[in-house]
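As a plain string of letters, each chain reads:
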Amino acid sequence: MDSFRDKLIPVTSILLGVVVLWYIFAVVLNAPFQRDLDRRANETSGTVEFIGKTLSQPKPTLPAPHQVAVNFFENTFLRPITSTRSLVYNAWVTLSSTLLGFAFGTALGIIIAVGIVHVATLDRSLMPWIIASQTIPILAVAPMIIVVLAAIGVTGLIPKAMISTYLSFFPVTVGMVKGLRSPELMHLDLMHTYNASASQTFWKLRVPASVPFLFTSMKVAVAASLVGAIVGELPTGAVAGIGAKLLAGAYYSQSVDIWSALVAGSVVAALLVMVVGIAGRLVDRAMGGRPA
Amino acid sequence: MNWLKPSWQAVLAILLCLVALALGAMSKPEAAALADPAASFDYSYFGLKTPMIGLAVLAGLISMLRISSLAEAVVLFIGAHLVAWMLISGITGFEGTALAPYFLLLAAAWLLAWRCVAVLSGLRPTAKGERMALRLIIPAIFGAWILIIWEAVTRGAGIPFILLPPPSAIGARIARSLPVLGADVRQTIFKAVIFGYVVGSSAGFLVAIAADRVPFLRRGLLPIGNMVSALPIIGVAPIMVMWFGFDWPSKAAVVIIMTFFPMLVNTVAGLAASGHMERDLMRTYASSYWPTLLKLRLPAAAPFIFNALKINSTLALIGAIVAEFFGTPVVGMGFRISTEVGRMNIDMVWAEIAVAALAGSVFYGVVALIERAVTFWHPSVRGG
Numbered sequence: 001m002d003s004f005r006d007k008l009i010p011v012t013s014i015l016l017g018v019v020v021l022w023y024i025f026a027v028v029l030n031a032p033f034q035r036d037l038d039r040r041a042n043e044t045s046g047t048v049e050f051i052g053k054t055l056s057q058p059k060p061t062l063p064a065p066h067q068v069a070v071n072f073f074e075n076t077f078l079r080p081i082t083s084t085r086s087l088v089y090n091a092w093v094t095l096s097s098t099l100l101g102f103a104f105g106t107a108l109g110i111i112i113a114v115g116i117v118h119v120a121t122l123d124r125s126l127m128p129w130i131i132a133s134q135t136i137p138i139l140a141v142a143p144m145i146i147v148v149l150a151a152i153g154v155t156g157l158i159p160k161a162m163i164s165t166y167l168s169f170f171p172v173t174v175g176m177v178k179g180l181r182s183p184e185l186m187h188l189d190l191m192h193t194y195n196a197s198a199s200q201t202f203w204k205l206r207v208p209a210s211v212p213f214l215f216t217s218m219k220v221a222v223a224a225s226l227v228g229a230i231v232g233e234l235p236t237g238a239v240a241g242i243g244a245k246l247l248a249g250a251y252y253s254q255s256v257d258i259w260s261a262l263v264a265g266s267v268v269a270a271l272l273v274m275v276v277g278i279a280g281r282l283v284d285r286a287m288g289g290r291p292a
Numbered sequence: 001m002n003w004l005k006p007s008w009q010a011v012l013a014i015l016l017c018l019v020a021l022a023l024g025a026m027s028k029p030e031a032a033a034l035a036d037p038a039a040s041f042d043y044s045y046f047g048l049k050t051p052m053i054g055l056a057v058l059a060g061l062i063s064m065l066r067i068s069s070l071a072e073a074v075v076l077f078i079g080a081h082l083v084a085w086m087l088i089s090g091i092t093g094f095e096g097t098a099l100a101p102y103f104l105l106l107a108a109a110w111l112l113a114w115r116c117v118a119v120l121s122g123l124r125p126t127a128k129g130e131r132m133a134l135r136l137i138i139p140a141i142f143g144a145w146i147l148i149i150w151e152a153v154t155r156g157a158g159i160p161f162i163l164l165p166p167p168s169a170i171g172a173r174i175a176r177s178l179p180v181l182g183a184d185v186r187q188t189i190f191k192a193v194i195f196g197y198v199v200g201s202s203a204g205f206l207v208a209i210a211a212d213r214v215p216f217l218r219r220g221l222l223p224i225g226n227m228v229s230a231l232p233i234i235g236v237a238p239i240m241v242m243w244f245g246f247d248w249p250s251k252a253a254v255v256i257i258m259t260f261f262p263m264l265v266n267t268v269a270g271l272a273a274s275g276h277m278e279r280d281l282m283r284t285y286a287s288s289y290w291p292t293l294l295k296l297r298l299p300a301a302a303p304f305i306f307n308a309l310k311i312n313s314t315l316a317l318i319g320a321i322v323a324e325f326f327g328t329p330v331v332g333m334g335f336r337i338s339t340e341v342g343r344m345n346i347d348m349v350w351a352e353i354a355v356a357a358l359a360g361s362v363f364y365g366v367v368a369l370i371e372r373a374v375t376f377w378h379p380s381v382r383g384g
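Chains as they are written, first to last, in my numbering: chain A, 1 to 292; chain B, 1 to 384.
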């Protein structure tokens, strides 16, 4: 754990620096509006009092960290989780479509990767398109999918999950193709000398070899999936979800709400990536992998 | 049977054609005309039906003869695409009336095209130019067939326009509204994306150099940068819109934030990429920090830096378009997409997406070309 301790001090000090900078910026950015307020109220306040006021505006340009923290804490722990203002509730709405889309996307990605590895025609014709599709701003389709599906009566979880699927299957496909092709010629020849059939080679050599690649790409995919779900909530004027919180905050200039929704989204993302990472390590250990 | 080499695609295609022939009418007007021969109906595929089925069967049969692979591919290519073209042009004016044989013929043509691609992927030409051409033709046929099936199915089955317009309608829409699309591209790409991309990437690069100079900074920034790359940064869009207003600076700000971290992480990784041997060599030359950086470590980091530039090219477009969902002046690609969706002008949305896709590919392609020119020494570029 030496490297961990090596990192701990720099990381915490940089994070502290960010917080300090944040406070300074909060004061600077909120000051003009506060000065305006004071002039209208005909108040003159000392420097310390003035700074205190800039850090406790109800709708600040940049909310101070403690305001965000208080808002986040209130909306996460103090509200009943059934309340539509609860961040837990909203995070759950986003999380459910993220997970559904992620599951579909991973399955689809694996199926396509298997097809590409085994059918030469698909490899030559489909793979260039998959790579090209990475260069396309796919998120732009999100609102259309939502609205069009709503027009034919499909609403709720499925449309958002479709966007997540769309975003998450590319990394999985690319990673799995790489993984399924990762066994060296030597190992493939060995399977050949065992007179292994194509399916035996697949299950006993290619699949185990691809597992590390799968989990690496799943980490990317789950993050993309969450972004897809959040963006998917924007165009419908969705009622619930982290994206909806962002949009509502933008409409009513509730900057503190936006920031705490952002924090919630980041927490969810970090948790998801961590869970996938832990699952990867567990699977690796169950398969007999040793730390290199 | 030495002169025959059956392929399942061709056999299946011929069988589908025969079934289509047996089922009779291709479309509802034709079925009505067959049921009542006295009345004269104007129906689709009046004289086209026999040539179409004949052509598909013929192409399938010829492809199974023992001829050279190239000839086989050419026959299949011509057969499949002629049939598809006749199918699509025949349905004009009779949208939504297609019956089962129409789709069977479409499937047959698609199978022939598949066989064509399979034959082409089996070719192993020796000349470099031919290999290059094959690498372009095979995906091109695949892409063309996605469009063909899309067009034929949407028009044959009469799928409602607001659900999925056929590609031809989208193409017509693009041609019709070039000025609007041009204005959107100017607003979103030439103002927000380019500015944000350049500033964000260079800021990431400079911070990476600073982090490289100060190990303390590197140890702290790298885990944070890795962490941040998993976060939904796109969520800062509403905040940026609040701060910088509706016009392009707020979008550029989102792009800057989104492109900063990939560049930072990749450059730091790239600066660690040069080997010990080379660095020792530079030390024996008594080269100080900056010459080592400029002459050894930055060139060695170039593949990583270009990787970040490529990732950023996509992120920048996404950032700018999504940021426009939170408020814009009445121009811009994201604005157009969200308002035209609201007005159910789905063809305009598709036109905008096609333009975005084109812009994204061109952007990526330009970065890739510059990469090839700059990292000409790298094995992945040099290797043939």
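There may be inaccurate statements among the hints.
[Stated by the list, open to error] Cβ pair distances, simulated, as ranges:
1) A:Leu157 - B:Pro379: 22 to 32 Å
2) A:Val239 - B:Leu21: 33 to 43 Å
3) B:Gly24 - A:Thr82: 51 to 61 Å
4) A:Ala209 - B:Leu281: 43 to 53 Å
5) A:Arg40 - B:Ile162: 28 to 38 Å
6) A:Val239 - B:Ala175: 35 to 45 Å
7) A:Phe73 - B:Ile149: 29 to 39 Å
[Said to hold, decoys possible] List of simulated lysine-lysine pairs, DSSO-like, C-alpha gap at most 27 Å:
8) A:Lys178 - B:Lys191
9) A:Lys178 - B:Lys295
10) B:Lys28 - B:Lys5
11) B:Lys191 - B:Lys295
12) B:Lys295 - A:Lys219
13) A:Lys204 - A:Lys178
14) A:Lys219 - A:Lys204
15) A:Lys7 - A:Lys204
16) A:Lys59 - A:Lys7
By construction, these hints were calculated from the structure, which means they are not laboratory data.
Note that CB positions come from ideal geometry on N, CA and C, so glycine has one too.
Against the structure, the hints:
no.: 1; hint: A:Leu157 - B:Pro379: 22 to 32 Å; verdict: violated, 47 Å
no.: 2; hint: A:Val239 - B:Leu21: 33 to 43 Å; verdict: violated, 54 Å
no.: 3; hint: B:Gly24 - A:Thr82: 51 to 61 Å; verdict: holds, 60 Å
no.: 4; hint: A:Ala209 - B:Leu281: 43 to 53 Å; verdict: violated, 37 Å
no.: 5; hint: A:Arg40 - B:Ile162: 28 to 38 Å; verdict: violated, 51 Å
no.: 6; hint: A:Val239 - B:Ala175: 35 to 45 Å; verdict: holds, 39 Å
no.: 7; hint: A:Phe73 - B:Ile149: 29 to 39 Å; verdict: violated, 53 Å
no.: 8; hint: A:Lys178 - B:Lys191; verdict: violated, 37 Å
no.: 9; hint: A:Lys178 - B:Lys295; verdict: violated, 33 Å
no.: 10; hint: B:Lys28 - B:Lys5; verdict: violated, 38 Å
no.: 11; hint: B:Lys191 - B:Lys295; verdict: violated, 34 Å
no.: 12; hint: B:Lys295 - A:Lys219; verdict: violated, 36 Å
no.: 13; hint: A:Lys204 - A:Lys178; verdict: holds, 17 Å
no.: 14; hint: A:Lys219 - A:Lys204; verdict: holds, 24 Å
no.: 15; hint: A:Lys7 - A:Lys204; verdict: violated, 39 Å
no.: 16; hint: A:Lys59 - A:Lys7; verdict: violated, 36 Å
Comparing the model with each earlier hint shows violations of hints 1, 2, 4, 5, 7, 8, 9, 10, 11, 12, 15 and 16; every other hint is respected.
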